[in-house]
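Here are the chains, one letter per residue:
Number of protein chains: 2
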Amino acid sequence: MACRDGRNPVMEPFFNPRGVAVIGARRSPGFGYFLPLALRRQGWGDRVFLVNPAGGEVHGMPLRRSLREVEGEVDLAVLIVPAQRVPEAMREAGERGIRNVVIESAGFAETGDGGRALQEKVKEVAAHYGIRVMGPNCLGVINTANRFSTMEVVEEALVPGPLAVVAQSGVFGSILLDALHRMGLFVSKAVTLGNRVDINECDVLEYLLGDEATEVVMMYLEGTADGRRLRRVLEEFRGVKPVLVLKSGRTPAGKEAALSHTGSMAGEDALYDALFAQTGALRFSTLEDMLRAAEAFVSQPSPRGGRLAIVTTSGSLGAMAADAAVAEGLEVPPLSPSTVEEMRRGAPGWMNVRNPLDVGPSGLLPKGLRAVMEDPAVDMVLGIAVMPYAVFREFKAMGATAGGLLGDIRRLRAEFPEKPLALCSLGEAEMVEGIKEAAGGEVPVFTSPEAGVKALSSLWRFAAGPTAGFRVPVQERE
Amino acid sequence: MACRDGRNPVMEPFFNPRGVAVIGARRSPGFGYFLPLALRRQGWGDRVFLVNPAGGEVHGMPLRRSLREVEGEVDLAVLIVPAQRVPEAMREAGERGIRNVVIESAGFAETGDGGRALQEKVKEVAAHYGIRVMGPNCLGVINTANRFSTMEVVEEALVPGPLAVVAQSGVFGSILLDALHRMGLFVSKAVTLGNRVDINECDVLEYLLGDEATEVVMMYLEGTADGRRLRRVLEEFRGVKPVLVLKSGRTPAGKEAALSHTGSMAGEDALYDALFAQTGALRFSTLEDMLRAAEAFVSQPSPRGGRLAIVTTSGSLGAMAADAAVAEGLEVPPLSPSTVEEMRRGAPGWMNVRNPLDVGPSGLLPKGLRAVMEDPAVDMVLGIAVMPYAVFREFKAMGATAGGLLGDIRRLRAEFPEKPLALCSLGEAEMVEGIKEAAGGEVPVFTSPEAGVKALSSLWRFAAGPTAGFRVPVQERE
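Residue numbers (numbering that gives the first Met the number 0), protein chains in the order written: chain A, 0 to 477; chain B, 0 to 477.
It is worth saying that the hints were derived from the structure and are not from the lab.
From the three backbone atoms N, C-alpha and C, an ideal C-beta is built for every residue, glycine too.
Please note: incorrect hints may appear among the correct ones.
A few chain B residues facing chain A, derived, Cβ under 8 angstroms [what the hints assert, rightly or not]:
| # | residue |
| --- | --- |
| 1 | A105 |
| 2 | F171 |
| 3 | T250 |
| 4 | M319 |
| 5 | V325 |
| 6 | E427 |
| 7 | P448 |
From just these sequences and the hints, can you work out the full model?
Written out as structure tokens, the structure is:
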């Protein structure tokens with residue numbers, strides 16, 4: 000039921016409600032206290048209705064004793080009441096005609112038998128009224144386009160961007176959102192699924208496939224609710240939008256941890272591996288690798304092949320990058336004769352014109368980057384821009400900036416819109432910050448050569464697709 | 000010729016000269032201009048003698064026309080003259096009785112045939128006078144104990160610490176030193192080897208083995224000058240001081256890059272793998288992994304086993320850590336019955352008392368950390384301290400600090416001096432910074448669960464030693 004026209008009547012009220020009721024709004028600190036405040040700040044003041052049997056008001060907004068007292072149009076209810084009170088609150092919502100509910104309350108299947116019984120009760124009530132439920136034990140959604148959010152996040156996390164985030168756990172999803180904007184990663188939608196009594200990752204993926212604001216999906220799972228359906232929906236994403244996946248439970252210890260956390264059966268990990276590989280979803284083994292790949296996906300185009308050129312001011316870092324590239328299944332091919340000829344003109348005698356291209360302290364990094372961006376034998380480019388403090392100081396004394404080392408990198412990015420480009424810088428703080436500033440978010444800057452290579456290789460993994468016989472990465476040795 | 004008494008007559012003048020001549024000091028910007036200034040600032044003003052045939056002065060220090068005009072005691076010469084002038088400058092040094100020379104000049108074997116001939120000439124002169132040569136094409140040394148340095152670095156890089164750095168390339172070594180202090184990594188000695196016409200990594204390792212200020216060695220190589228000797232010296236380090244190695248040329252592309260960079264033959268990589276594995280040197284496949292391991296080695300004790308306990312405020316991050324632990328060859332064992340009992344007392348009903356121990360928002364992270372530090376079934380501990388922004392804000396409003404989430408972590412560190420402890424935090428900036436501040440450099444703080452686990456696993460790799468049958472890590476999947 001993927002809706003490519005962007006409309007999805009089941010999911011739409013979660014992200015774009017006409018009005019929202021917060022059941023369990025309260026006057027003492029807690030989510031029920033801060034969420035109404037956040038929603039008002041985000042421009043939802045006239046479409047938020049607060050419910051608490053105690054009545055009164057909070058933040059100058061009235062607390063209705065029950066949903067029946069709410070007069071406005073409401074098509075989404077957010078439940079922040081104690082677990083035991085959730086079934087009754089759902090009945091009230093059902094009677095009111097509300098068909099979308101986010102249950103933020105915890106204390107269900109994740110806590111053992113008593114909670115499991117309560118969770119069954121929730122299912123029954125939902126079925127009776129035809130209510131679609133997100134949660135329980137989740138924080139719901141964010142939609143940056145309309146600044147709607149059922150979770151509290153830092154203001155910067157509400158800046159619209161092309162990345163959708165799907166996380167099973169509310170805490171982890173929330174922490175991720177606190178962190179992403181600092182990496183220059185901004186989101187379209189975010190969803191935390193919790194115990195998945197109804198809405199699961201497949202529902203959300205179907206919605207995101209049709210969501211025009213979403214270009215890349217990043218997902219953390221502890222297990223799937225429905226393997227066959229997940230396969231089907233991931234196949235629909237193939238070649239359309241990359242889906243980056245981190246799934247824990249890779250090992251028996253991780254599997255047990257997932258079970259006790261959100262009650263997920265992690266299942267046989269090899270089956271997940273096959274599912275992701277065959278559908279073209281990109282699985283990562285570490286959170287960092289997934290985040291870095293996301294940085295490349297949101298800013299860089301899709302490469303036409305796996306041939307990487309490396310241009311560097313440090314031979315050592317260039318050699319590390321070349322090692323990483325081969326280990327990741329990329330090629331580090333010879334440069335075209337015309338590129339070699341061009342670089343040799345005006346190059347100092349010590350410079351070996353090859354790939355990796357070590358320009359050393361020649362100042363030829365901009366020329367080198369341009370030459371390989373132009374080179375038809377190259378599909379993507381990693382620029383390594385480092386400079387020892389001692390050299391940087393002289394450079395500065397002559398009125399130059401750290402970014403000057405790169406030349407006009409944003410113009411270069413704009414001139415060759417079809418070739419991915421990433422940068423790496425490390426060392427003295429001011430130097431590294433200068434490089435990041437010069438790149439201006441249009442070219443990702445990584446702080447190790449291997450990180451840059453891994454991010455670029457993910458672009459090629461997606462572009463090559465599941466059937467293109469992507470080479471198995473060389474096992475990492477330590 | 001490893002000298003465990005810390006004296007090493009061949010190497011000593013490189014790190015602790017009585018007096019140093021800078022041949023090629025100059026009045027126009029360049030290393031020859033800034034190095035005398037740096038040495039004077041570091042307290043070497045009365046032991047530095049500057050030589051330049053043009054005469055005059057720089058920074059108020061006289062420029063002698065030749066070494067013959069220098070009156071002070073000089074046992075080390077640093078050459079910053081053009082490559083062609085190096086052999087003659089060495090002859091002058093030899094005549095003066097100087098037996099240690101650092102050649103910073105580039106333009107030797109790394110540039111092709113002409114340079115190779117010049118490098119042979121350097122060897123001849125060195126042999127004739129019995130001069131020990133570091134370089135050419137290097138930046139020499141740093142000794143933080145006496146603030147002596149033949150390379151310019153940021154002031155913070157001169158704070159003494161337990162880590163020795165050996166790098167083949169001057170540029171890379173220099174950049175690494177610019178970066179290390181920002182990670183809380185401070186050095187005892189640093190050496191950049193360059194083209195290794197004489198002094199190589201084996202000489203330096205022998206010196207560092209006997210150097211009391213050095214507890215951990217971090218080395219970047221593009222190839223060894225003498226495999227048999229490297230094996231011998233690494234065997235001497237076994238069980239004494241960890242040697243962390245990053246060697247490029249793991250792949251054909253990396254190998255070619257190394258060849259053109261410092262003229263190193265990278266050799267068969269599998270042989271290096273065997274050499275490092277058999278001697279107990281710890282090889283890393285990425286710069287980041289090596290740096291993170293160094294963070295753990297400089298601050299944490301050696302573990303007695305590979306049994307890891309994970310205590311976390313996020314179940315998802317705990318599951319990721321458990322996966323990484325198993326992939327790295329660690330165990331995630333059940334907690335002792337007494338620990339389980341202790342944690343159950345006063346724990347909320349939803350808490351699953353197991354390993355990983357997910358304490359959620361209970362505020363029981365300090366209690367959990369203490370319990371596993373005390374647990375005899377646990378050899379090392381990873382604490383994951385995260386908190387969503389929304390929760391953090393309430394926490395702050397009640398007067399608490401981010402660090403308070405941890406309890407008195409430095410006291411805990413001090414109370415259990417024999418068990419390694421690492422932390423992980425991510426999310427909202429103030430929260431993460433607060434955790435780092437609370438840890439105060441005594442416990443390393445990583446920004447991903449996998450990074451923390453990898454760093455701890457390195458400690459166990461070293462402690463287990465090469466013959467303890469360390470389990471081969473599970474291949475990483477992506």
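Hints versus structure:
Taken as an interface hint, A105 of chain B checks out: its beta carbon lies about 7 angstroms from the nearest beta carbon of chain A, inside 8 angstroms. For F171 of chain B, the shortest C-beta to C-beta distance to chain A is roughly 4 angstroms, which falls under 8 angstroms, so the interface hint holds. Here the hint on T250 of chain B is kept, as its CB sits about 4 angstroms from the closest CB of chain A, short of 8 angstroms. Interface restraint check for M319 of chain B: the shortest CB-CB distance to chain A comes to about 5 angstroms, inside 8 angstroms, so the restraint holds.
Restraint check, V325 of chain B versus chain A: the minimum CB separation of about 4 angstroms is within 8 angstroms; hint holds. Because the smallest distance between the Cβ of E427 of chain B and any Cβ of chain A comes to about 4 angstroms, under 8 angstroms, the interface hint for this residue holds. Using the Cβ-Cβ criterion of 8 angstroms, the hint placing P448 of chain B at the interface with chain A is satisfied: the shortest such distance is roughly 7 angstroms.
Hint compliance for this structure: no hint is broken.
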